[in-house]
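Peer 1: Each chain is listed here by its residues.
Protein chains: 2
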Amino acid sequence: MKPEAANPLTIDLEDRGPIARPSLHEAIVARVRDMIIEGNLPPGSRIHEGNLGIELGVSRTPLREALKFLASEGLLELSPGRGAVVRQFSPKDVRDSLVVLGDLEGLAGRLACEHATDAEIQEVRKLHDRMMDMYANRDRLPYFKLNQNIHTAILRISKNEALADVHGILQARLRRIRYIGNEGPEKWAGAVADHEEIISALEARDSERLSKVLNAHMEKTWERVKNAI
Amino acid sequence: MKPEAANPLTIDLEDRGPIARPSLHEAIVARVRDMIIEGNLPPGSRIHEGNLGIELGVSRTPLREALKFLASEGLLELSPGRGAVVRQFSPKDVRDSLVVLGDLEGLAGRLACEHATDAEIQEVRKLHDRMMDMYANRDRLPYFKLNQNIHTAILRISKNEALADVHGILQARLRRIRYIGNEGPEKWAGAVADHEEIISALEARDSERLSKVLNAHMEKTWERVKNAI
DNA sequence: CAATAAAATTCTGTATGCAGCATGCTTGCG
DNA sequence: CGCAAGCATGCTGCATACAGAATTTTATTG
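Chains as they are written, first to last, in the numbering used here: chain A, 1255 to 1483; chain B, 1255 to 1483.
Only true hints are included.
Residues from chain A shown here face chain B by an in silico Cβ test under 8 angstroms; the list is partial:
no.: 1; residue: Pro1276
no.: 2; residue: Ser1277
no.: 3; residue: Asp1347
no.: 4; residue: Ala1416
no.: 5; residue: Leu1417
Chain B is faced by these chain A residues, among others (derived, beta-carbon under 8 angstroms):
no.: 6; residue: Thr1315
no.: 7; residue: Phe1323
no.: 8; residue: Glu1327
no.: 9; residue: Val1354
no.: 10; residue: Ile1423
Read the hints as simulated data drawn from the structure, not as lab findings. Even glycine gets a Cβ: it sits at the ideal position worked out from N, Cα and C.
Produce the entire structure from the sequences given, and follow the hints as far as they go.
Peer 2: Below, the structure written as structure tokens:
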């Protein structure tokens, strides 16, 4: 018998690719990740396989598979015999992650200057301009998402998949922190200034400058976020 | 009924930690990872859940959980409906990973110079000296393992867990490549020379020099390995 | 009333069964 | 003889059942 779904899990079909049938545990991974980021599953809380399974409308088997996957990403910790716990990130964890992210984005910037096509750089420019519109309107959430998109795009056009992979892992760990770390107007302006310089260095293909500003951008991110933890 | 084990999976008990009971899927993860590194599961081959389960003496459920975990590490690829396939790394994948590893180790070197205690540096020196003994005896396998230990130790004494995490993931992906990439004597000598400079820069806490030599060391590793793929 | 021990309940870990899809083979037709 | 459609087999994906560990509740004693 299929499990009763209080809130059935809908599978996202807008996947690109030829006929890639979406798998259930993959959908669960995405869903649980979002629940962690949005705070539905607060850090430190134990995950109850039975209840969560019912809530998502799936049985424990694919749910457990998804939990193992997320544990490998570092969003969960597994204590044998006691199930999965949402990982707590200490301020040091966050700081350390941002240091690494800054380093990785610096590298990505250098590689992007070297390997990106003009068209790709133009696409990033478009994202940037749209983000600036959102800033002009003080539209926080769309701004936030475009911001993330820009950083991800720089990773993409660096044409280094391994780099994008590890960046994505650390990025996912911090998404919740950034999500709650809504800074005040003066700091927001600083971040916007950074982004102006990022796009200008990228368009000039000035790898040293881009690398430096991306790295420094992370340092400032820490300054913005550290009091919110 | 417990499944018949042609070659029962023994659980490694030498785990550190207070009373951390080893969990089965954890043991399976380690075991399958080793099978991939050692080539028992060649790249590109599909993993047959039934057979492998019988071979390891476990049922499909924990095995599948382990496969999801390894997929998240990037050692396997999951094609829905077709199970897990051992990931093939293209030469570009390897090169890209080494570029990132070089960058990460460079960062780790800087941080280690800053944060490591004298005692920790001395421990790395000991590893280095033991490795040199192995080199003198042309003892390849112990040399290989000590080599890995030294690099891991530098990551550890950099006191940045996020850094160690992502380094570990990329390192695991390349372990198989390094395992088969047994270079000739002249290149081996070059690697040894690098290591002499690494330890000397670390003892001098010369972060710039250490960072540079670690980064360059990876570049040379590529030169050594690229023809073996 | 507090503390401890024992029992009951709940939850995790593992095995197994079943349904649906993928794959390879066979057979029929051009 | 070649190609394609249909069929048979086998494997994956998911659900469920069961055993053992962990936790909570309760009872008993100091």
